[in-house]
Structures are given as structure tokens and as C-alpha cells.
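Residues per chain are reported as follows:
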Amino acid sequence: MLAIFKREMSGYFTSMIAYLFMAGFVVVVGIYFMFYCVINSYTDFAGAVLPSTCIWFSLLIPIITMRLWAEERKQKTDQLLLTSPISVTKIVLGKYLAVTCLFVITLCVLTLFPFILHFYGKVNWPTVGTGFLGYFLLGCSLMAIGFFISTLTENQIVSAVISAVLVLMFFFLNNLADSFPGRARYSIMMLAVVVIGVMILFYLSTKKYMPSLIAGVIGSGAIAIGYFVSPSMYEDGAAKFVNWFSVLDRFYTFSDGLLDVTSIVYYLSFIGVFLFLTVRSIEKKRWN
Amino acid sequence: MIKVKDLVKNYGNFEAVKGLNMNVEKGQIVGLLGPNGAGKSTTMNIITGYISATSGSVMVDGHDIMAEPMAAKKAIGYLPEIPPLYMDMTVVSYLKFVAELKGVSSKDRPSEVKRAMQVVSITDRAGRIISKLSKGYKQRVGLAAALIGNPPILILDEPTVGLDPSQVVEIRELIKSLKEEHTVILSSHILSEVSEVCDHIIIINDGVVVAEDTPENLSDTYSNQSHVIMEIKGDKDSIASVLNDIDYVDLFDFKSESEGIVTVALKLNTDEDKNDDLFYVFADKRMPVHKVSRENLSLEEVFLKLTESEEADVVDDTPVDGAEASSDAEEIVEDNDESEVEE
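Chains as they are written, first to last, in the numbering used here: chain A, 1 to 288; chain B, 1001 to 1343.
Because the hints were derived from the structure by calculation, they are not lab data. Any given hint might turn out to be false.
Covered stretches of chain B, going by a simulated chain A footprint (3 or more residues, C-beta under 8 Å) [unchecked claim]:
| # | region |
| --- | --- |
| 1 | 1048-1058 |
| 2 | 1067-1074 |
| 3 | 1086-1092 |
| 4 | 1270-1284 |
25 Å max Cα-Cα, derived BS3-like pairs, lysine-lysine [what the hints assert, rightly or not]:
| # | chain 1 | residue 1 | chain 2 | residue 2 |
| --- | --- | --- | --- | --- |
| 5 | A | 284 | B | 1138 |
| 6 | B | 1005 | A | 90 |
| 7 | B | 1138 | A | 74 |
| 8 | A | 74 | A | 90 |
| 9 | A | 284 | B | 1132 |
| 10 | A | 76 | A | 122 |
| 11 | B | 1074 | A | 285 |
| 12 | A | 90 | B | 1107 |
No residue lacks a Cβ here, since even glycine has one placed at the ideal position from N, Cα and C.
With these hints in hand, go ahead and build the complete structure from the sequences.
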């Protein structure tokens, strides 16, 4: 795992990618810092500057994640990694650790901004701390999505575009959720659509009817049991369900200065799920 | 060392490997031979654990590649058709990375990298960026990477493709020298290479093994008893009259004549060995026989015979005409040579 980590890091710094990524963040945060803090003399760095820059993740994150696996496949170096005595999980973790490490280095550079503020005004350091922690967790979650997308294609550009669109989608999920009708039957209908989607996915990946049928029975059974146990659970259910995926909402608790353990757990499980999907996606290619 | 049993690999509805069986003994250099798309690379990719088989088992050095992938992969050094190189790394940093991947301890890493570089003679290019190396040197770096950790088994997928003739000779010599310490599986569609380097040949066609043996035995097995070449001292007319009187000679054709020695090709209507008999017939007529031998098929001809699907069905009872097959084989070899130069 350490070998993969070191190789990735050296790869980032021998090419332009690491510098481009870091420079991108510094420029974006710098512009907002200039606008909020310098021109408008506002010292709430974590509450104002960091949330405003989040939308730029959609452009900056794919820069480093697009190549993670797509490049390996294109250059055929995945043959070296997958035939070496090292598990796919370790390969994925090594690579993921490298991107998060690059992000940490970037965040270290960004801490210069509140330090500059510190000389001219009063900075609320605990809020800055939670803000950066949230910023880090949000970035890591989006990088996990980007990594997963990178395993789906050989083409880096395709990987980058899909990642960017997906990141934007995750950002706007809460706006989408607000427009859902709140009645229980709509929630049930939506869950049914999800179950059908899962059934189709099962069929496409296994080409057998049985697994998708089992998934369908379990899914619809769970919906029915849920309805009989607590019908009120489905009130606003669709909105709740979609909101669960809204990674940006969770970040606001951090930028407001709260250290919310459930949000930390949420981000970690979000990362875990996407890294798991990444491992499965790489494994699946070997079975096809 | 390697046991492959009933290996099947399907890509969707396409069956790339259809129940392939093979056994590779320790210390052998085995050549996997087959036309493009026969399933050579797929088989190698399954043995090395790069892709999974649809069914069947692969045992590498006593370890099942599916059940104990780590132990099995540790025993293999793999050079795929396109060497898996990180173009932005230097030769030495790349090899150090491979050594770390393969679990060589940090203490042994420098000496292991140095050894691998020495074996493939790239020590003088150690500090060069891989993307700046010529194709031949890139191939060597790939081979050095396969040698790292001194694995008992080396699997080399078309190791000489795209190299210039002198590099081809060098790589072949190198592979031969590896025999002492390693079991080598080598795939190729260049027949001369396989017959020169390998001591055992497995011919794959359409996803199954169609023949396996030593190059010499393959040639013997698939040659025809019924085709005989004779060199006789005498004139054509008297030789013709003698041959016309022999009831088991179906056809004969004079090939050449020099200094009174006539070379004649015979087609017999029997598979029995008639060499002695033919000798005595001409001896009785006081015509000296300088040579009488069965017409041997070259590896090219065996290969063509086994891999040309139309003829493969009738191979046992209707042999292809030796001369014709030979010219076809030459064409194929020429094609290969041309493609090498182009690449």
C-alpha cells in the first residue's frame, strides 16, 4: 500500500497535476477571500469564504481523480498492479490516501488566509478549525466519487466530465428535494422506482433473473413492513431520502462552527461506500 | 509448476478459451504458439491473475490462483505484451517501485534492482526517464521488472514483438540464459523464435490445445511416412523405369539433378516405412542410393496444419502437400518479419 501511495505522490509532483490542483484552490479561495475579507472587512473565514468556494470542487476535484484508474488502464499499468501480490483493496486505499494527502497539503497552504486575517482582525479559530475539517471531509467524499467514476472508463476526459456533473448533482440535491411532494404515497412510489432500478442493475450485472427477483422481493417487503410499522415514516420520505445524499448540507454544520459527530460518521461512511464500489468495479472488470 | 485444468473464459457470448488443459514442468521453457486471437494472451492473463476464468482451475507452484492469489502471484514474474511502465519514472525508481510492490524487503531492494538491471543490461540507463527510452530498452525494463524478486516462473507475452533483429537475438539469448533458474512460458506467433528458444511447445488454436511436444517430436509426429525424398546416382529414365515397377509408389517427381545425382520426391500409397526396401530395389539395379528419407515437416508446416481450421479436420488422413505448405509458411514468416520492421 505504501508503494502505491509513494508512486502516486511522486506521479502528482513530477507532472503538473499537483501544482495545478493546489494553484486552483489557492486562486479560487484567494478571490473569495479578497472579496469577503479584504474588500468587505469580514473576518468569518470559515462561515463565508469556505462555503462559497465549494461549488469549485466540481472543477478542481476531477483534476486529480480523473486519472486515478483511467490512466492505469490506458497505459496498461493496471496489469502490473493486478498481477502483483497486493490486494485490490490495498491498491485502492494507497491511491486514495495519496489524493487525500495532496488535499491536506493544499489545505495547509489555504490556512495562510486566516493567518493573514489574524494580523488585521479577530479570527474565530475554533470555527476555522471545524470549517477546515468539514471542507476536508467534503473534499474527501467527492474524491471518493471521482475515484469510482475513474474506474468506469479508460478516457480521462470522460471520467472528469462525469465526475464534475455528478459532484454538481450532489450539490443541488437539496434544492431538488425541496420540490418533492410530501405525501407518503409519493415516497412509496419513489422507493418502488429505486427497487426496480436495483433489480435492473442486478440483472445487468449477473444476467440472471434470480438475484434481481430476490432483490425485488426483499426491497418491496421492506417497504411494506415499513408502511405497516410506521406509516408516518413515509411523510416527506422522498425528500428525506434524497437529502441523505446531500453532502453539501452536512458541510454547513461544520462551517457554522459545530463539530457534529453524526456528520463525521456520515462522511466517513459515504467515503467507505464509494471506495467499496471502486474496489468492486475494478474486480468486476476482471470477471467480465 | 503450472497446472491448467479445463480452463474456460467467456467474454459475453464469445468463448475465448474453451476447456484448455496444460502442464508445465519445472525448468522448462515452454512456447505457447497460436494464431492471433487463439487465446494465448487470455490464458496468460488468467494464469497471472490479471483476469478471472469463467471456469476451470489454475495451480501455480502448488497454489490455486483463485484461492491463494497472493502466494501464486508471488511465484510469477509477468511481462505482458505491452510492458506496464510508468513513463514519468526513471528506470531505477520504477524497478524500486516494482520491488516494493512484490514485497522485497527495503534492505534487499537496491541489490535486487541492481541484479535485475544487470541481467537485462540496462545498468547504464538506470537514471533515464522511461518515456525517453527506445522500444527495445522499454522491453528490457519490462523484463527486468518481471525478474524482480527472482520468481520461479516467468511468463512472457510476445517478448520480442517490435524489436529490431539484433535486439530480437539479444532478448532470445537472454531468455535462454534464464532457463537455469526459472520456468519460462513464452508466447509468440513467430515460429522460428519458438523452435529456437523453447524445449516444449504448446500449440493453441481457437481456445484449445491442439498439440504439445518438443519441436522435434511435433515435426516427427505430423510428418508423413508416405512422402519420401531420395537421392540416386543415375539417369532419370532408368530411375523412372525402376520406380514405375514398384507397386507402392503412387507418384514421383524429379526435383533436381546435379553431377549425376538425381533428387526425386515419391508419394507412397502406404504409411509403412519403406526406406530399406527402396534402398535394396535400387541396389539390385546397381544404382547407388545416396539418401533416402522421409520428408520432414518444419514447425511452420506443423503449425499451419494444426491451425488452419479447414485442414485441421482432415489432418489425420489427408496430409497437406509439403511443398505447398512450405511456401505458405514462408509467406507467413515473411509477413511477421515485415510487421516487425514496421513496428
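Hints versus structure:
1. 1048-1058: holds (count 5)
2. 1067-1074: holds (count 5)
3. 1086-1092: Per the Cβ count (4), the hint holds.
4. 1270-1284: Coverage by chain A is violated for the region 1270-1284 of chain B (0 residues, Cβ < 8 Å).
5. A/284 with B/1138: violated, 30 Å
6. B/1005 with A/90: Violated, at about 30 Å.
7. B/1138 with A/74: holds, 17 Å
8. A/74 with A/90: holds, 21 Å
9. A/284 with B/1132: violated, 34 Å
10. A/76 with A/122: Roughly 53 Å between the alpha carbons, so the hint for residue 76 of chain A and residue 122 of chain A is violated.
11. B/1074 with A/285: Distance ~22 Å between residue 1074 of chain B and residue 285 of chain A Cα, so the pair holds.
12. A/90 with B/1107: Satisfied, since the Cα-Cα distance of roughly 22 Å is no more than 25 Å.
Checked against the numbered hints given earlier, the structure breaks hints 4, 5, 6, 9 and 10 and satisfies all the rest.
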